[in-house]
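Take these sequences, add in the hints, and give me the full structure.
There are 2 protein chains.
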Amino acid sequence: MEMKTIENMSKSSGSAAYEISDFKMLERVLRDSIKEPVTVAIACAHDYESLKAIFKAEDEGLADYLLLGIKPEIINLAERLHKEGACSQKQLDELIGRIVHCENGEEAAVKAVEAIRSGKAQVLFKGIMQTKTLLKEVVNKDRGLGTGSLMSSVVLLDVPKYHKIFAVTDPGMVMYPDLSDKVDLVKNAEKLMTSFGYEAVKVAGICAIEVVNEKMPETVDAARIEEMSTAGELGRVTFQGPLSMDVAMNKEMAEHKKTFGSVAGNADVLLVPSIATGNVIVKSLMVLADAKMAGCVVGASCPIVLTSRSADFSERYYSILACALSASR
Amino acid sequence: MEMKTIENMSKSSGSAAYEISDFKMLERVLRDSIKEPVTVAIACAHDYESLKAIFKAEDEGLADYLLLGIKPEIINLAERLHKEGACSQKQLDELIGRIVHCENGEEAAVKAVEAIRSGKAQVLFKGIMQTKTLLKEVVNKDRGLGTGSLMSSVVLLDVPKYHKIFAVTDPGMVMYPDLSDKVDLVKNAEKLMTSFGYEAVKVAGICAIEVVNEKMPETVDAARIEEMSTAGELGRVTFQGPLSMDVAMNKEMAEHKKTFGSVAGNADVLLVPSIATGNVIVKSLMVLADAKMAGCVVGASCPIVLTSRSADFSERYYSILACALSASR
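These protein sequences, in sequence, are chains U and H. Counted from 1, the first sequence has number 62 at position 52 by this note's numbering; the numbering is strictly sequential. Counted from 1, the second sequence has number 161 at position 151 by this note's numbering; the numbering is strictly sequential.
No lab work stands behind these hints, which were simulated from the structure alone. Nothing false has been slipped in among the hints.
Calculated cross-link-like contacts (lysine-lysine; reagent style DSS-like; alpha-carbon spacing at most 25 Å):
1. U:K142 <-> H:K267
2. H:K171 <-> U:K174
3. U:K261 <-> U:K174
Chain H residues, not near chain U, derived (Cβ > 10 Å throughout):
4. R38
5. S128
6. S272
The C-beta atom is built at its ideal place from N, Cα and C for all residues, glycine as well.
Here's what the structure looks like:
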């Protein structure tokens, strides 16, 4: 039986990815893949954009929700969204039963993490609160969501000029990964990508150059991870590196530079050597290449949405769907 | 008297930058700014794309040339380019007098650097040879082109979705700059940008975040350089950092994140913390955002074109113009 891959999904729609707007492509892949809605616990849900995003996902049968935060503020925002057509009458009627009142961020973090541990929710979502407040509770040894694995951030990107959705890790959480961290980053990304139906995950070890240079430790690390991949130590991952960004993302450039292998020109995941490197890829493409993104923190016992305060509605909505899909597998 | 700036140049054309193709914008800015052609010494000029680029620049009165390399091969290529309409009859007639035969890369490097030192040429251009062979001669203490300054790479980018040409440093030469190196990178970039007529240069210290975090040394460095800029220690540079890529390059994102200052949303130069960070910006935008680029190595006694073997004709041509412009100031 052939497994579903995002490449196949693009093809099976009967049209090339280029004919579909970037916006719809990420949305379609995520929406079509969710079979069972899971429950999203929003810590500090008294936030306009977050509520709007979760109401949309719930209305479409893609997610359920539990709202932790300042109750009167949540109700006010829901009434406003109702007037704007972004919250149905049914959602407004059922609202009270889904709110857990919390006075502040600390309380919301504790109760949201509790909800995950007790099985009441399967995805954790940061509303309008400090990231560190939520993470402090997530990594709490006694009552947190740690699994012993490295927690890392994976951003899915949909860029009109690339032929499929791809991921960057880590653009937001692990600052200066060493070799062991990088192997964990790859494994975490692999789990997320296979939850979308990929049967094999092509990971590029991104560096400034395509050859090993002892003065550039990231090139040495990339070559070492490629050896591990070749030896079959990385499961469904095919790793190639060091690769420069153009060789990883463009078949013509790869051929021009005589860099072959199944990852060159066709990467699913970009492993970057530092948080700054990943961050500039994501933000350059969002600001200058019409990229749409979904973010997911993986490695805890549930996927976590940690979108930044500047995230717009669509980023929040896509991130909810990506984490919900990941949690349902 | 108001000095010419690239922003003014865009405006004075009577149309918004967005209405001009990215290709033409970089070309126009470079072409319009060159008043006096300088001589470009091409080391290992027996290269199709390099010859095509310099023939175009010379034909347009934008550069002169001296060709160092395997003479019969240069003549063969020139005859081929003549048949293709890319080398004029006049250029073909004058060819022999401009060729200095060299057997190999080492000899071409020595003679090309000599040509710069003796004043016969003002720009050094790497043809079809190893970068390290040329650089070894450039940094030679007795007969090289060192000035005591750090040599660094600046890439000019023209991206349709940004409102002006901007630069990234260092995406290709200085691997892991420390604070002192970063100050030199800024100064080198400032020299190049002011040679294009900028009267002030807005430099963004690019990091993954916009706040200082002691665990991220690049944020500390960026804040320190901003202090130096505020204290007037950086000449015509206005430095702001740490800034994330979206805040540096997009006014709406800057306002949304309440990051003010003259650089936010309007950067001329992006100072990046590592070669990998700069390299992924340049290559992401070239592959996925239709960017056009011109590269220039600065800090030696003349500008140097070190385009990679995969550089196409337009990249070589633009880089020649950028270096010629820089050398003529």
